[in-house]
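Visitor: Input sequences plus hints: build the corresponding full structure.
Keeping their order, the protein sequence lines are chains A and B.
Sequential numbering of the first sequence, starting at 1, is according to full-length UniProt numbering.
Sequential numbering of the second sequence, starting at 1, is according to full-length UniProt numbering.
If you're looking for bench data, these hints aren't it; they were derived computationally from the structure.
Treat each hint with caution, since some may be false.
Treat identical chains as interchangeable: a pair holds within one or across any two.
Unchecked claim - Derived lysine-lysine pairs resembling DSBU-like cross-links, with alpha carbons at most 30 Å apart: (1) Lys587 - Lys621; (2) Lys319 - Lys501; (3) Lys587 - Lys320; (4) Lys144 - Lys587; (5) Lys270 - Lys283; (6) Lys587 - Lys501; (7) Lys319 - Lys339; (8) Lys604 - Lys270; (9) Lys604 - Lys501; (10) Lys604 - Lys267; (11) Lys621 - Lys267; (12) Lys267 - Lys587; (13) Lys621 - Lys501; (14) Lys267 - Lys319; (15) Lys339 - Lys320; (16) Lys319 - Lys604; (17) Lys17 - Lys283.
Here the structure is a predicted model, which is why all the values come from computation and not from measurement.
There are 2 protein chains.
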Amino acid sequence: MVSASLKDSSFDHRLIKGLRSQAAQLRMDSVHATSSAGSGHATSCCSAADIVATLFFGVMRFHPEIPRLTTNDRFILSKGHAAPLLYAAWAAVGLYPREELSTLRQIDSDLEGHPTPRLPFVHVPTGSLGQGLSAGVGMALNAKYLDQLDYRTYVLMGDGESVEGAVWEAAEIARYYDLDNLCAIIDVNRLGQSDPTIHQHRMERYVNRWSGFGWHTIVVDGHDPASLLQAFAEAEQTLAQPTVILAKTIKGKGISFLEDQGGRHGKALKGEELENAIQELSKQIEPEILPLTNRNIPLTGEVSNSLRNKTRRSLPAYKKGDQVATRQAFGEALLAVGKAHPHVVVLDGDVKNSTHVQQFADECPDQFFESFIAEQNMIGTAMGLASCGKIPFAATFAAFLTRAHDFIRMGAIGRANIKLMGSHAGVSTGEDGPSQMGLEDIAMMATQPDTVVLYPSDAVCTHWAVQEAVAHQGMVYIRTNRPETPILYDNDESFCLGGFKVVRHTPRDLLTVVTAGVTLFETLNAQEQLERQGISVRVIDLYCVKPIDAHGLYAHISETEGRVLIVEDHYEHGGFGDAVRRALGRKSIESDHLAVRNIPRSGKSQELLDRYTLSTSSIIKRIQAMIQ
Amino acid sequence: MVSASLKDSSFDHRLIKGLRSQAAQLRMDSVHATSSAGSGHATSCCSAADIVATLFFGVMRFHPEIPRLTTNDRFILSKGHAAPLLYAAWAAVGLYPREELSTLRQIDSDLEGHPTPRLPFVHVPTGSLGQGLSAGVGMALNAKYLDQLDYRTYVLMGDGESVEGAVWEAAEIARYYDLDNLCAIIDVNRLGQSDPTIHQHRMERYVNRWSGFGWHTIVVDGHDPASLLQAFAEAEQTLAQPTVILAKTIKGKGISFLEDQGGRHGKALKGEELENAIQELSKQIEPEILPLTNRNIPLTGEVSNSLRNKTRRSLPAYKKGDQVATRQAFGEALLAVGKAHPHVVVLDGDVKNSTHVQQFADECPDQFFESFIAEQNMIGTAMGLASCGKIPFAATFAAFLTRAHDFIRMGAIGRANIKLMGSHAGVSTGEDGPSQMGLEDIAMMATQPDTVVLYPSDAVCTHWAVQEAVAHQGMVYIRTNRPETPILYDNDESFCLGGFKVVRHTPRDLLTVVTAGVTLFETLNAQEQLERQGISVRVIDLYCVKPIDAHGLYAHISETEGRVLIVEDHYEHGGFGDAVRRALGRKSIESDHLAVRNIPRSGKSQELLDRYTLSTSSIIKRIQAMIQ
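Guide: Shown next, in the form of structure tokens:
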């Protein structure tokens with residue numbers, strides 16, 4: 001299409017003029033909107049306006065009224081601070097009236113300071129730099145390997161964000177999977193927020209880095225629509241490797257007194273400057289050329305994200321008392337849901353033999369992507385896949401999920417339908433030592449609003465957790481341990497979000513212990529020993545850490561003299577102990593907490609549980625102290 | 001030296017033979033140690049043994065009995081799972097008897113599964129992959145720009161970890177600062193944990209990537225000491241750019257039945273396999289050649305890390321009632337300590353005009369390093385600088401510190417003496433929207449053991465916080481807000497770690513509000529309005545979130561009918577509300593909590609405080625509900 005139109009020089013001429021004019025209009029709209037808001041990044045919009053105009057009016061195939069059509073080309077604004085430009089583009093194609101742009105950054109407007117999926121054309125939130133390309137990898141993987149659609153994915157990045165390592169993780173994985181349907185564009189406008197960027201306008205440095213990573217590179221004048229059209233056509237014709245268009249641009253382009261000026265990042269214009277800018281931009285708009293219309297509407301497709309997660313439930317087949325690590329049960333359950341649900345996709349960070357994702361990789365290879373040791377990109381890819389209606393599971397050590405914390409944070413902002421599994425939680429991980437132990441994962445995952453945090457103690461509950469993760473729309477975290485633990489529950493035991501299990505209870509209980517995972521079994525030992533001494537305690541398996549059933553917990557605790565002891569293989573702050581206490585906040589209870597309070601060290605699992613006060617003997621001692 | 005020795009072919013021959021023999025001994029020790037432990041990464045040690053032998057006995061200048069001598073060459077084992085090899089090398093140079101290696105991974109041994117700075121020769125902990133090069137950047141920056149010493153820094157990385165984005169952040173910054181005193185070595189052994197690595201033995205792909213990033217690259221046979229010596233000499237002679245030695249190796253090298261075999265990662269040998277391995281390795285050791293001695297001992301230097309942080313305290317000069325944002329006060333205080341303390345070094349992620357680090361950059365340029373938008377490397381660099389006795393401050397938006405969570409986690413494991421500042425905390429950040437708001441930073445920072453978390457409400461307290469951060473040995477986090485807040489305290493007010501301030505109190509108080517930062521001022525408004533209605537409440541400024549003064553807080557809360565309301569501009573889970581409740585855990589109190597419970601949106605700061613229940617009116621309502 002584009003290449004065809006280029007051959008027609010009369011159309012070409014009109015198209016180029018139209019794109020220039022449209023770019024000026026987008027600049028004008030961006031300046032107006034940021035000035036109305038009193039804040040925002042006008043100069044960052046101006047540098048990218050020609051690129052966006054060219055993409056929206058000369059390159060991309062999409063339905064301007066159905067932004068979530070599965071067959072649409074995707075556009076990700078990785079440099080999220082140029083949001084006004086994105087909003088202006090969607091107004092220009094007719095999704096909503098241009099007047100709405102004046103609500104930018106207002107509290108009840110969905111035109112937020114940085115794009116979020118409250119807007120139908122925003123597939124993933126951006127605004128933390130260096131994340132867009134990973135989401136683009138997910139979308140391009142989906143097109144090439146899963147849905148086998150011919151949409152293309154365009155990711156517009158800033159030059160400043162090119163230093164973010166996540167960009168290079170995405171670059172590596174995109175090349176590995178030969179994502180020739182992925183096109184990155186870098187708006188090389190030379191100026192960062194506080195200073196010139198690291199490479200300024202040295203375009204050869206960008207070429208060296210990207211071609212070094214195996215990408216096809218094209219350097220263009222980012223303000224020349226004809227060159228941009230040519231570059232996008234070349235990208236489309238480039239096979240078996242992704243393309244990056246390195247667009248040399250000028251920050252503040254189109255407004256002479258702002259062009260290439262430092263100290264102008266993120267500042268809205270006002271007064272005389274605003275008037276001068278508007279006047280100057282007005283002259284660049286040729287109304288008789290506008291509006292261009294996007295004629296490249298895909299003929300078929302459905303609206304994505306309409307999928308509600310459905311799950312065909314199955315029962316596991318474990319034998320009570322058998323020893324099965326929850327990480328192993330995770331792998332087994334994952335295989336089962338993968339076979340039942342083609343939308344389930346799994347990502348691994350080269351630990352699949354530890355997380356037990358190996359069998360899924362072997363038996364469902366078409367639903368599996370190896371993401372290598374690059375956790376940020378793994379989560380970003382999951383977000384991209386989720387935006388295409390997939391149900392991605394990303395699994396690694398709980399400790400290494402911290403690598404992707406910023407992606408998880410953004411995923412929560414975007415209400416991403418992604419599922420994370422963190423294995424090797426806690427000191428029970430053993431000899432590998434503290435660097436391999438997830439001791440802050442509950443803090444990280446539970447702090448984000450609307451996440452679900454599950455911490456199954458046995459294989460049966462893990463089986464449920466995986467099925468629940470598929471069924472639940474939103475971010476779910478499943479925490480597993482390394483050691484084997486006995487099968488505790490019948491295969492047909494029922495669990496629910498916000499639930500817990502009372503594993504031991506008598507009418508005489510003096511105290512409730514709330515725990516989960518490996519420490520549940522230490523607690524059960526303690527309970528048995530105390531029972532022999534005539535001391536009865538109730539034991540609760542808090543397999544669902546979030547949401548938490550405050551009323552239910554309180555009912556049990558109040559039956560046990562208002563005493564609760566929380567035992568968890570997690571650091572003290574931010575674990576489920578805090579969640580339990582908060583849930584009971586307005587009640588008068590006496591609580592105590594066994595958790596990890598020091599940096600642990602290497603040792604045998606049981607030795608470490610003992611040293612960090614999580615073993616049977618510590619639990620007994622603490623219970624005795626509380627009931628005296 | 002090395003290049004000189006290479007000219008002497010007779011010495012050369014003996015050296016090469018010795019290095020080969022030494023490498024075999026290191027393999028033998030690694031196999032023995034992991035087999036004694038019953039776990040560990042023997043094959044990952046074997047691939048790197050020739051590299052380590054060559055470095056320790058043929059290249060590095062260091063005092064084998066004083067591992068922390070400031071003039072020593074530095075060695076970082078970024079592929080931390082090869083720890084047994086590192087421990088064997090230090091035994092081989094004589095730091096401790098070889099017999100100690102058999103304590104590997106035992107609970108009371110400092111020879112942990114992955115290296116931690118419990119050991120004097122471990123400068124930064126490793127074991128989360130892809131972090132070592134950033135620490136190396138810090139050490140090399142210190143040598144070249146700060147201490148102006150001629151030590152060299154060697155970072156041994158695995159090939160699997162090369163996909164981690166953090167590596168490329170470090171690569172970019174190392175090149176930017178022309179770190180020709182930094183030498184990375186990649187042990188390209190072709191096999192990851194669960195699969196072959198992304199590039200396997202395609203050495204040209206490594207060359208393309210690293211040379212694309214501006215590094216000098218050398219490809220060598222990683223099992224040939226002569227080639228390795230030559231490569232290290234070439235690296236030392238290469239000026240104005242860092243060098244990476246791409247060493248093609250074989251995983252399991254030296255033990256024929258393990259060589260280049262998949263499925264052997266992280267598995268200790270036993271039984272017959274162990275015997276065969278030992279037998280095979282024995283034949284590769286020539287005792288008459290060993291021991292080599294390291295003759296390259298620096299003649300001068302002092303033991304680093306002996307520095308206790310000292311601070312020359314000064315008073316600020318703010319005027320009560322004036323409006324100053326805490327982020328601005330941070331910048332002002334930082335400038336003051338920077339001028340007083342040459343060891344204070346500041347790192348920025350291209351937001352220095354927002355964090356107010358700009359003035360420090362301008363006035364103390366020799367103590368400032370721009371780290372661009374690459375937060376992982378910024379924190380890793382800080383850890384490297386701290387290991388050289390510097391007191392590094394790394395400052396960015398609180399939200400973007402999540403990018404470096406895994407580095408912060410490892411920093412905590414290493415008890416790194418680094419200081420972090422996160423600005424733009426909370427919904428009060430305003431129009432930029434949720435992606436720019438730090439709402440999980442307290443959860444992230446407080447969960448790590450032994451961290452200090454400060455959240456000053458006014459400029460005077462911020463001034464103290466910065467001075468305290470300098471004085472305190474360990475990781476300190478300072479949280480600041482975007483909006484201006486009034487000066488509340490006298491310039492000579494005293495603050496302390498673990499302290500809080502009672503800002504309003506009467507003997508009639510019915511409830512205590514614990515808060516900090518912007519919400520303190522909302523609370524003070526609420527208190528005034530309630531006082532007019534005859535309702536007295538106590539207001540506590542919890543400027544030190546961690547450590548927390550449980551006894552002191554309880555004393556106040558019990559004086560106010562056992563009621564406490566916590567108000568914080570942070571997500572509900574993992575904020576200081578949880579810390580306060582935990583501190584009071586064994587007491588019977590009634591608590592409630594105003595915090596952010598939903599993903600926020602863009603809007604004016606005050607509108608957002610209102611919408612997310614943190615403003616005066618919400619506080620009044622909640623207090624009224626609690627006291628009825």
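Visitor: Compare the structure with each hint and give your call.
Guide: Hints, verified against the model:
{"no.": "1", "hint": "Lys587 - Lys621", "result": "both (25 Å within a copy, 19 Å between copies)"}
{"no.": "2", "hint": "Lys319 - Lys501", "result": "within (19 Å within a copy, 58 Å between copies)"}
{"no.": "3", "hint": "Lys587 - Lys320", "result": "neither (37 Å within a copy, 40 Å between copies)"}
{"no.": "4", "hint": "Lys144 - Lys587", "result": "neither (55 Å within a copy, 59 Å between copies)"}
{"no.": "5", "hint": "Lys270 - Lys283", "result": "within (19 Å within a copy, 80 Å between copies)"}
{"no.": "6", "hint": "Lys587 - Lys501", "result": "both (21 Å within a copy, 27 Å between copies)"}
{"no.": "7", "hint": "Lys319 - Lys339", "result": "within (23 Å within a copy, 68 Å between copies)"}
{"no.": "8", "hint": "Lys604 - Lys270", "result": "between (65 Å within a copy, 18 Å between copies)"}
{"no.": "9", "hint": "Lys604 - Lys501", "result": "within (29 Å within a copy, 44 Å between copies)"}
{"no.": "10", "hint": "Lys604 - Lys267", "result": "between (57 Å within a copy, 16 Å between copies)"}
{"no.": "11", "hint": "Lys621 - Lys267", "result": "neither (61 Å within a copy, 37 Å between copies)"}
{"no.": "12", "hint": "Lys267 - Lys587", "result": "neither (49 Å within a copy, 51 Å between copies)"}
{"no.": "13", "hint": "Lys621 - Lys501", "result": "within (24 Å within a copy, 36 Å between copies)"}
{"no.": "14", "hint": "Lys267 - Lys319", "result": "between (65 Å within a copy, 29 Å between copies)"}
{"no.": "15", "hint": "Lys339 - Lys320", "result": "within (25 Å within a copy, 67 Å between copies)"}
{"no.": "16", "hint": "Lys319 - Lys604", "result": "within (27 Å within a copy, 58 Å between copies)"}
{"no.": "17", "hint": "Lys17 - Lys283", "result": "within (13 Å within a copy, 78 Å between copies)"}
Checked against the numbered hints listed earlier, the structure breaks hints 3, 4, 11 and 12; every other hint is satisfied.
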